[in-house]
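Number of protein chains: 2
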Amino acid sequence: MKIETIDLFYVAMPVITTEGDGSQDALLVRVRAGQSEGWGECEAAPLASIAAYVGPMSHGSCRPVRDSVLGRDLQGHRDIERIALDVAYNSMDLLQAPHVLSGIEMALWDLLGKQRGQPVWQLIGYQRAFPKMPYASMLFGDSAQETLDKVRAARNRGFRAVKLGWGPFGRGAAKDDADQLHAAREGCGKDGIVCIDAGQIWGSDVEAATARIPVLEEIGAYWLEEPFQTGALASYKTLSERSTKVGLAGGEGAHNVDMARHLVDFGGVKFIQIDCGRIGGIAPAKQVADYAVERGVTYVNHTFTSHLALSASLQPFAGLEQHHICEYPITPKQLALDITANHLLPDGNGEIHVPDQPGLGMVVNTQALEKYLVEVEIKVQGATIYQTPRLDS
Amino acid sequence: MKIETIDLFYVAMPVITTEGDGSQDALLVRVRAGQSEGWGECEAAPLASIAAYVGPMSHGSCRPVRDSVLGRDLQGHRDIERIALDVAYNSMDLLQAPHVLSGIEMALWDLLGKQRGQPVWQLIGYQRAFPKMPYASMLFGDSAQETLDKVRAARNRGFRAVKLGWGPFGRGAAKDDADQLHAAREGCGKDGIVCIDAGQIWGSDVEAATARIPVLEEIGAYWLEEPFQTGALASYKTLSERSTKVGLAGGEGAHNVDMARHLVDFGGVKFIQIDCGRIGGIAPAKQVADYAVERGVTYVNHTFTSHLALSASLQPFAGLEQHHICEYPITPKQLALDITANHLLPDGNGEIHVPDQPGLGMVVNTQALEKYLVEVEIKVQGATIYQTPRLDS
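Residue numbers (the numbering used here), protein chains in the order written: chain B, 1 to 393; chain H, 1 to 393.
Calculated directly from the structure, the hints in this document are not laboratory data. A couple of the hints might just be wrong.
One copy or any two copies: either way a pair holds, since identical chains are not told apart in the list.
As the list claims (entries may be wrong) - As a list, the in silico SDA-like pairs of lysine to any residue whose alpha-carbon atoms are at most 25 angstroms apart:
1. K245 <-> F266
2. K270 <-> Q367
3. K175 <-> S240
4. K237 <-> D290
5. K2 <-> E37
6. K190 <-> M13
7. K2 <-> S393
8. K2 <-> H324
9. K371 <-> D176
10. K190 <-> P14
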């Protein structure tokens with residue numbers, strides 16, 4: 001079958017704030033080929049990704065992503081890999097390309113799975129899918145008390161693990177952070193897992209990060225995530241040697257497999273976190289998962305948006321029993337919940353299950369999305385090269 | 001003074017082809033503050049960069065680049081650095097951001113230089129600017145004969161160094177490449193410098209690259225550029241250990257300082273090539289130049305577009321006498337020549353000079369650009385968020 005149509009839908013909450021909450025908008029991708037349809041989701045910056053998909057060619061290695069996907073043959077997983085290779089080469093100088101490819105690639109897997117009646121995790125080589133233990137992923141409260149309340153609420157909902165990030169953390173004195181960290185531990189109880197996400201707040205400043213290690217050890221933090229910008233490998237490495245009890249986590253910024261490998265090889269991270277909506281989709285994420293197994297580090301998904309993105313992000317490590325913990329956005333915006341009609345909810349044991357249904361196993365709720373649709377029109381030399389397609393078409 | 005207006009102009013040749021010629025279009029940036037004006041140029045993919053500049057915010061760390069620049073104070077170089085840090089943090093999840101920032105950052109330096117009556121290379125810390133030896137940068141001919149003719153023509157124009165890249169090179173058998181390489185050497189004469197650019201054709205395949213080393217050594221190639229994709233550090237490293245006579249070059253894909261450092265530290269390149277239109281502008285490129293000096297590798301500009309971009313790309317290593325060779329596009333499209341009214345032409349000695357005039361020392365020819373202007377209009381929810389500004393305003 002041939003990839004006949006690719007539709008990009010920009011959806012957003014009515015009001016977007018500066019909080020570090022990535023569930024405020026989304027770029028959804030619908031792909032159709034033969035009688036089948038697949039859906040995917042790109043992480044953040046919908047307009048730039050739309051432009052990277054449709055934008056006029058600059059030269060041979062700076063072509064819009066569309067040129068390497070639309071009209072291509074899709075029979076099996078080799079075709080998806082070939083398309084990804086072509087995008088990497090033909091859109092080499094188009095920086096935004098991997099982000100928009102990510103959603104398209106997910107949709108191709110979803111489509112292929114539905115067409116074959118198989119879940120994506122089977123298509124990418126796993127025999128079975130193991131349940132994952134979700135950590136409730138949330139932002140720090142503005143105060144330690146608010147953080148305590150948020151974490152307690154998550155525990156009361158049955159989560160055995162939490163992750164706190166962003167908000168005031170790392171911006172002030174180490175002492176203020178200490179109060180926040182103790183509140184997180186108190187809220188989570190002695191047996192709970194507490195992960196901390198610094199959101200790149202220290203840039204590449206190893207000393208600022210080092211100042212927080214004692215209290216992270218004191219509260220028994222499970223990991224310290226993104227102390228630095230993604231490329232600050234030397235800083236990661238130095239900190240990893242200083243923080244022997246609290247392992248470092250990172251990788252969400254990786255927009256190709258190489259970047260993720262470098263964090264393992266040169267940055268010394270113990271947890272490699274991949275966002276399928278950024279790294280180019282599911283197949284490159286699976287490559288990172290294989291590499292994590294080989295190098296003895298733990299693969300974790302990065303997901304802060306919808307359950308469509310969540311399902312996609314679970315596929316690459318669905319078959320890895322030892323890689324048990326997974327990110328689970330606990331208080332996403334209503335938009336993110338409304339994207340799908342079905343949801344991946346924790347079972348009685350507090351675990352979530354990668355869908356057994358064909359493809360990604362998620363039903364996109366096109367009707368519910370109408371009200372979130374952001375109408376976009378792009379004209380070049382008077383010709384409309386992009387206009388928001390119809391959800392009900 | 002305050003940054004009052006930032007205008008982005010998308011200019012292009014009437015017909016864009018798939019050849020690897022980056023001079024077919026450009027995104028020009030005009031910045032105004034107080035009584036001064038500055039110009040810069042972003043490398044490739046104008047529409048995606050425009051979208052990254054104006055596009056609606058996704059969340060706190062995925063804001064359009066505009067939000068971190070427009071209205072900001074501009075008194076000195078610290079302000080430019082602060083703006084760049086803010087873009088890196090506020091647009092962390094907007095992959096295209098560094099490419100559009102690059103042109104803006106150049107324009108800020110140009111403006112500051114003009115306002116102070118100083119060339120940019122002085123503002124960034126150099127006492128004097130040394131002349132550079134331009135290598136005539138061109139694409140391989142479709143046949144060895146065509147390559148021979150092209151290189152001879154460049155020699156006849158006085159160029160002592162040439163670089164051949166892209167075209168058929170690396171796509172077929174090593175034997176075909178050998179013919180091309182011998183033609184390049186023949187055309188350049190025994191004493192000429194011949195650089196070879198593989199344009200990432202081998203992905204990460206070390207053996208394919210290794211197969212070309214003997215003939216590269218035979219013709220005494222000065223460097224082998226971009227055998228692999230920018231992030232394939234392990235492949236670079238392995239090849240650098242096998243190719244001891246012909247040093248590796250790379251770095252044009254670096255969109256931050258870290259990536260360039262990694263090519264030196266983990267990839268073993270001997271020549272680090274930076275495109276100021278991609279890495280975030282002039283200041284980050286200067287950081288790479290400092291690092292190159294520290295690590296004993298040679299800094300080289302990457303420039304394949306206008307003389308505005310060329311001037312910008314020379315500033316970061318203007319004061320480094322030992323880093324003598326520079327890229328010089330010899331047959332750019334007419335657009336690239338028409339962008340500026342003045343040009344950096346080789347002197348009687350075959351060398352080019354970084355301008356002594358204030359700022360980047362280039363005069364943008366707005367009148368000549370009218371005919372290349374690509375009219376763009378972007379509407380979001382019915383409101384126009386970008387429309388091509390007037391060149392004559």
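Hint check results:
no.: 1; hint: K245 <-> F266; verdict: within (19 angstroms within a copy, 27 angstroms between copies)
no.: 2; hint: K270 <-> Q367; verdict: neither (42 angstroms within a copy, 57 angstroms between copies)
no.: 3; hint: K175 <-> S240; verdict: within (22 angstroms within a copy, 47 angstroms between copies)
no.: 4; hint: K237 <-> D290; verdict: both (22 angstroms within a copy, 22 angstroms between copies)
no.: 5; hint: K2 <-> E37; verdict: within (12 angstroms within a copy, 51 angstroms between copies)
no.: 6; hint: K190 <-> M13; verdict: neither (37 angstroms within a copy, 66 angstroms between copies)
no.: 7; hint: K2 <-> S393; verdict: within (19 angstroms within a copy, 48 angstroms between copies)
no.: 8; hint: K2 <-> H324; verdict: neither (37 angstroms within a copy, 52 angstroms between copies)
no.: 9; hint: K371 <-> D176; verdict: neither (41 angstroms within a copy, 58 angstroms between copies)
no.: 10; hint: K190 <-> P14; verdict: neither (40 angstroms within a copy, 67 angstroms between copies)
Hints 2, 6, 8, 9, 10, counting from the list given before, are not met by this structure.
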